[in-house]
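Numbering-wise, the working numbering puts 171 at position 113 of the sequence shown, and it's gapless, one number per residue.
What the hints contain is simulated information worked out from the structure, not anything from laboratory work. Check each hint, because a few of them may be wrong.
Ranges of calculated distance between the beta carbons of each label pair, as one might list FRET restraints [claimed, not checked]:
(1) Arg-187 <-> Ala-81: 30 to 38 Å
(2) Leu-148 <-> Gln-120: 35 to 43 Å
(3) Leu-166 <-> Val-113: 22 to 30 Å
(4) Ile-192 <-> Leu-152: 40 to 48 Å
(5) Leu-191 <-> Gly-102: 33 to 41 Å
(6) Arg-155 <-> Val-113: 37 to 45 Å
(7) Ile-63 <-> Val-109: 19 to 27 Å
(8) Pro-82 <-> Ile-192: 41 to 49 Å
(9) Leu-148 <-> Val-172: 15 to 23 Å
(10) Arg-197 <-> Met-126: 17 to 25 Å
Bear in mind that the values here come from a model prediction, so they are computed numbers and not experimental data. All C-beta atoms in this analysis are idealised placements derived from N, C-alpha and C, irrespective of residue type, glycine included.
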Amino acid sequence: MIQRIQSLYLLLAGLALLGLGLAPGPWQLLETAPYAWIGPLARGLAVVLAVASGVLIFQYRQLERQRMLVVFEQVGVLLFALLYLGGLYLGGSLGVRTADGILWDRVLWIGLPVLAYLLLWLARRGIERDIALIRSMDRLR
59 MIQRIQSLYL
69 LLAGLALLGL
79 GLAPGPWQLL
89 ETAPYAWIGP
99 LARGLAVVLA
109 VASGVLIFQY
119 RQLERQRMLV
129 VFEQVGVLLF
139 ALLYLGGLYL
149 GGSLGVRTAD
159 GILWDRVLWI
169 GLPVLAYLLL
179 WLARRGIERD
189 IALIRSMDRL
199 R
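All chains should be built: construct the whole structure from the sequences, respecting the hints.
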């Protein structure tokens, strides 16, 4: 299971989403959002997506199903990023530059959904490569 690189990508994506969902830092930025429901909904969605990413690792025996679920996971991360970044924008906390310089903690919190999406894309690419390899081996038989 872990020898497949996509398992590592799925694990790292899950850890990125779990870190974003459980850390208090990014949610303090959303406290100023005009809509109070954005913070808890985005936080819950991040934790659900992190758990789903961990469950996807164990779907390695059914590659077609795993690929489909990874695509759904990617759509979920896009929805999460839209909700999270939209809440930051509405709250006025999306800026990362000040007169003192760059706020690196905000760059980290804004970049984690993007990192999770890229890791899921790499995992999907690895799964598709495995599917193609199995199809080519079946042709040789």
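Evaluation of the provided hints:
Between Arg-187 and Ala-81 the CB atoms are about 33 Å apart, so this pair conforms to the stated range of 30 to 38 Å. A C-beta distance of roughly 40 Å is found between Leu-148 and Gln-120, which places it inside the suggested range of 35 to 43 Å. In this structure, Leu-166 and Val-113 meet the distance hint of 22 to 30 Å, their C-beta atoms being roughly 26 Å apart. Distance hint check for Ile-192 and Leu-152: the Cβ-Cβ separation is about 44 Å, which falls inside the suggested range of 40 to 48 Å.
At about 37 Å, the beta-carbon gap between Leu-191 and Gly-102 stays in the expected band of 33 to 41 Å. Distance hint check: the CB atoms of Arg-155 and Val-113 are about 38 Å apart, consistent with the given range 37 to 45 Å. Between Ile-63 and Val-109 the beta carbons are some 21 Å apart, a value that agrees with the proposed interval 19 to 27 Å. Look at Pro-82 against Ile-192: about 44 Å separates their beta carbons, and that is inside 41 to 49 Å.
Restraint check, Leu-148 to Val-172: a C-beta distance of roughly 19 Å satisfies the suggested window 15 to 23 Å. Between Arg-197 and Met-126 the beta carbons are some 23 Å apart, a value that agrees with the proposed interval 17 to 25 Å.
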